[in-house]
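S.K.: Since the structure of chain A is provided, determine the placement of chain B on it from the hints.
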Amino acid sequence: MPKRKLLLTFPNNLIDQPITYHLVKDYDLELNILRARITPKEEGRLIVELNGKKEKLNLGEEYLKGLGVRVEPLALDIAFYEDRCTQCTACSGVCRSGAISVDRKEMKIIFEKDKCIACELCVTVCPFRAVEITF
Amino acid sequence: MAKTIQEINEKIKKGEAVVLTAEEIIDFVAEEGVKKAAQKVDVVTTGTFGPMCSSGAYFNVGHTRPRIKLGGGKVHLNDVPAYAGLAAADFYLGATALPEEDPRNSVFPGRFEYGGAHVIEDLVAGKDVRLAVQAYGTDCYPRKKLETWISLKEMNETVLFNPRNAYQNYNVAVNLSDKVIYTYMGMLMPKLGNANYSSAGQLSPLLNDPEYRTIGVGTRIFLGGGVGYVVWNGTQHNPTVLRGDNHVPHRPAGTLAVLGDLKGMGAHWLRGASLIGYGCTLAVGIGVPIPILDEEVLRATSVKDSEIVAPIVDYSQAYPQLESDILGEVTYAQLRNGTIELRGKKIPTGGFSSYFKAREIALLLKSWIKEGKFILTEAVVTLPDSKSGVSFKPFKERPLQ
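Residue numbers (my numbering), protein chains in the order written: chain A, 19 to 153; chain B, 3 to 403.
One chain only, chain B, in its complex shape:
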């Protein structure tokens, strides 16, 4: 018997909804079977927490007296440059932005100790940050310089707006070369010394709704400890990759663009991260509720780590040179167990996505829904699925004459 989101919401409001996490549903389905479980369960909650570079926030700081035009000028927060190509009092701060003074990789490997992501974490933690503005001055915005302390609560809009988060599956990174390399997947030791992965696997939002049947534009989510929304597919959304019989992609596939008010979020769920030799990034916590509309939606949420496959990619050659070679495939059950085998070698694994925090998020979202504090929304536009024909285009260079 199919259910509607409206019916599920009625149950949530009455405190009668049956909610399980994407981890708990696995055993539940094994015991009850798909048919019964689909009748009994109303919502399955997912979670993920990991570095997501395509993240940032836009702000409106109000107007100084006399007025100053940030747009077209220079804006820095704690020395980290923000993008000021917007209106007079708006700017966007990206997670990977670095102070001009940061040595970057000129002293290799760079440490990247403080960047845009750390500013966002500081703001969410309630700290004061230094806002410095240089403007060119106009008749209506005469002021040219501003240096002040500012905090989140003093600003108007403070909106986390991440163009690409919550990757549906990801590469396992290894290093075939004979020297250490520093990547966005961490430090990779020579000759298959370690293997790093970054997905919450069976807890990860899009792996539990592989064809985006319920997750779409307008889906209300847990974002950074507060409430946010899916606002579009993420950049590089690539639904037409190789998939298994369970429709779960074997390669990095779908992504989400998400948005939410920073003021309701917590620094526990939005953390600035420094990746040696690579740069700064923001670790973001996201949880997506999946309404159990029918058996097919339920079956997809019962996917387990041993059924989710990830590709192993060499980050010393294949990745930087954009070669499509894949060294092998492993499951998240193997990855999370601590060792994988490749070319006869046992390789220790390390995660970049925190399964521990993913589980915390799924449990927290479950409690919000059970307490009637979090009502589900219906997607207003669906995301391109595996039959959409949408694929991710490589860059085509057209050299200048």
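Isolated chain A (complex conformation):
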């Protein structure tokens, strides 16, 4: 079954609604919440991994958009600035999602954004501010 990693932004009027419940119940989607942040009276942000049949995934996304939830692929919010990176590989020892690996022949960082769960450990450890994650 296909997986989709999404960044959902809930407008203020939807913060108190049980929306993820409907994704499970009505669209039969397996839902894994990776990160969540709610700013009362402003907005809610959620990084989720959705797992389900393709048509159900599409319908689920349509449902969210219909309510006014902004749906974006997560990869958009992760920036890897290769010009700032010195290829020291400090990040590779802390990345647990498999998004950061090292080409051992070249000794160069490989950053696969689609595997990133936005835990930000690499942001914390990078001495050169080569990764930015906006959440």
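Quick caveat, the hints were computed from the structure, so don't treat them as lab data.
Computed from a prediction, not measured in an experiment: that's the story for all the values here.
Beta carbons: idealized from backbone N, C-alpha and C, even for Gly.
Do not rely on the hints blindly, as some may be mistaken.
Computed spacing ranges between beta-carbons, pair by pair [unchecked claim]:
| # | chain 1 | residue 1 | chain 2 | residue 2 | range |
| --- | --- | --- | --- | --- | --- |
| 1 | B | GLU115 | A | SER115 | 17 to 27 Å |
| 2 | A | ILE128 | B | GLY128 | 24 to 34 Å |
| 3 | A | GLU90 | B | PRO101 | 43 to 53 Å |
| 4 | A | SER115 | B | GLN403 | 51 to 61 Å |
| 5 | A | SER115 | B | ARG106 | 46 to 56 Å |
| 6 | A | ILE128 | B | GLY346 | 23 to 33 Å |
| 7 | A | ASP121 | B | LEU324 | 35 to 45 Å |
| 8 | B | GLU156 | A | ILE128 | 57 to 67 Å |
| 9 | B | GLY128 | A | GLU90 | 33 to 43 Å |
| 10 | A | THR152 | B | LYS16 | 50 to 60 Å |
| 11 | B | LYS375 | A | ALA97 | 31 to 41 Å |
| 12 | B | GLU373 | A | SER119 | 30 to 40 Å |
| 13 | A | SER119 | B | GLY73 | 46 to 56 Å |
| 14 | B | GLU115 | A | ASP132 | 40 to 50 Å |
M.R.: Showing chain B alone in chain A's frame:
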């Protein structure tokens, strides 16, 4: 047949020198053997790029009208304090200096976003920085205050002078405790969650000349993208540590004090770094050419990662408490492969020294030499070696009565 540096330089000037990097020489020696390789190869180039805290630069900014005496006053560059205990127009800026306003670790772990190292990077990148001076005023230097923009090209001497760089081997840092710790070897996850190392291994300058036969005071080097010199042994130079049969130290050992004109350097090779919970530091690129004088010098340059051993040290207890316990030893081949094993656990490794950039430096220095742009120098004083008796003394406190 032994060669002299003079003979090698003649070949460099004619564009005939055979130059290989410390990585390329490994396969070359495996194919040709030591004897033939020593005849054929003239120079082996090394490289390293990593955070080196004992770095900084001294500057002379010329004299304002009316004159102001920086010496004994206060000097800041982009709010970062410089050391002004020198003459009227000189000061030294250290890589780890922080603005007074920086919260440091009072909000733990501190971010250390901008310090002396970043000022040096900005200056080398050609940027303007704010120079602020407070002085006490004298009859000959009456001015008391100065605030101005300044850039590298407007200054007189701009000299990178690093008292301790290019460590010959280093610890592998791990954390045995049950909480995250923030160290100069990076963020270390609890219960052996990760292991960080910091050496270019088989490319690293002093690991390719383990007894300092060719690298000494006066050796011309690649420094920060420009040309520099070894000016002394580095601080904490400790040549008498445990060594293997190949003379390569198993512990942090020799170090270099290096110097060079910042004006010829590039920000690609001198980078300000922020280590969370620890502080600021400067990542420095250094490349040292090794003249192949004889078979012994050549053999040492053919050392490979699988033959270089580093100690694993617990940074939650042994390191901060200055205990000498070592948890184990691993080779740089294992470290660079991404996983080491300790106490039955597979531990992911992360580097602090960039092997990628070390290789770039060794290749760049090789091209400079091949093009005849970089001539080798002879060391005027050798560095203390493993038989010198020189060792690094621990601090001995003598409490005041």
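S.K.: Next step is simple, just say for each hint if it's right about the structure.
M.R.: Hint check results:
A C-beta distance of roughly 26 Å is found between GLU115 (chain B) and SER115 (chain A), which places it inside the suggested range of 17 to 27 Å. Separated by about 32 Å at the C-beta atoms, ILE128 (chain A) and GLY128 (chain B) satisfy the suggested range of 24 to 34 Å. A hinted range of 43 to 53 Å is violated for the C-beta pair GLU90 (chain A) and PRO101 (chain B), which are about 37 Å apart. Between SER115 (chain A) and GLN403 (chain B) the C-beta distance comes to about 58 Å, which sits within the given range of 51 to 61 Å.
A hinted range of 46 to 56 Å is violated for the C-beta pair SER115 (chain A) and ARG106 (chain B), which are about 31 Å apart. Look at ILE128 (chain A) against GLY346 (chain B): about 29 Å separates their beta carbons, and that is inside 23 to 33 Å. Remark: the range hint 35 to 45 Å for ASP121 (chain A) to LEU324 (chain B) is upheld by a beta-carbon distance near 38 Å. Taking 57 to 67 Å as the suggested C-beta distance range, the pair GLU156 (chain B) and ILE128 (chain A) does not conform, at roughly 42 Å.
At roughly 38 Å, the beta carbons of GLY128 (chain B) and GLU90 (chain A) sit within the given window of 33 to 43 Å. One distance hint, 50 to 60 Å for the beta-carbon pair THR152 (chain A) and LYS16 (chain B), holds here, with the actual separation near 57 Å. A hinted range of 31 to 41 Å holds for the C-beta pair LYS375 (chain B) and ALA97 (chain A), which are about 38 Å apart. For the pair GLU373 (chain B) and SER119 (chain A), the beta carbons lie near 36 Å from each other, so the given range of 30 to 40 Å is met.
The hint said 46 to 56 Å for the Cβ distance between SER119 (chain A) and GLY73 (chain B), and at roughly 52 Å that hint holds. Separation of GLU115 (chain B) from ASP132 (chain A) is about 30 Å and departs from the stated range, judged on CB atoms against 40 to 50 Å.
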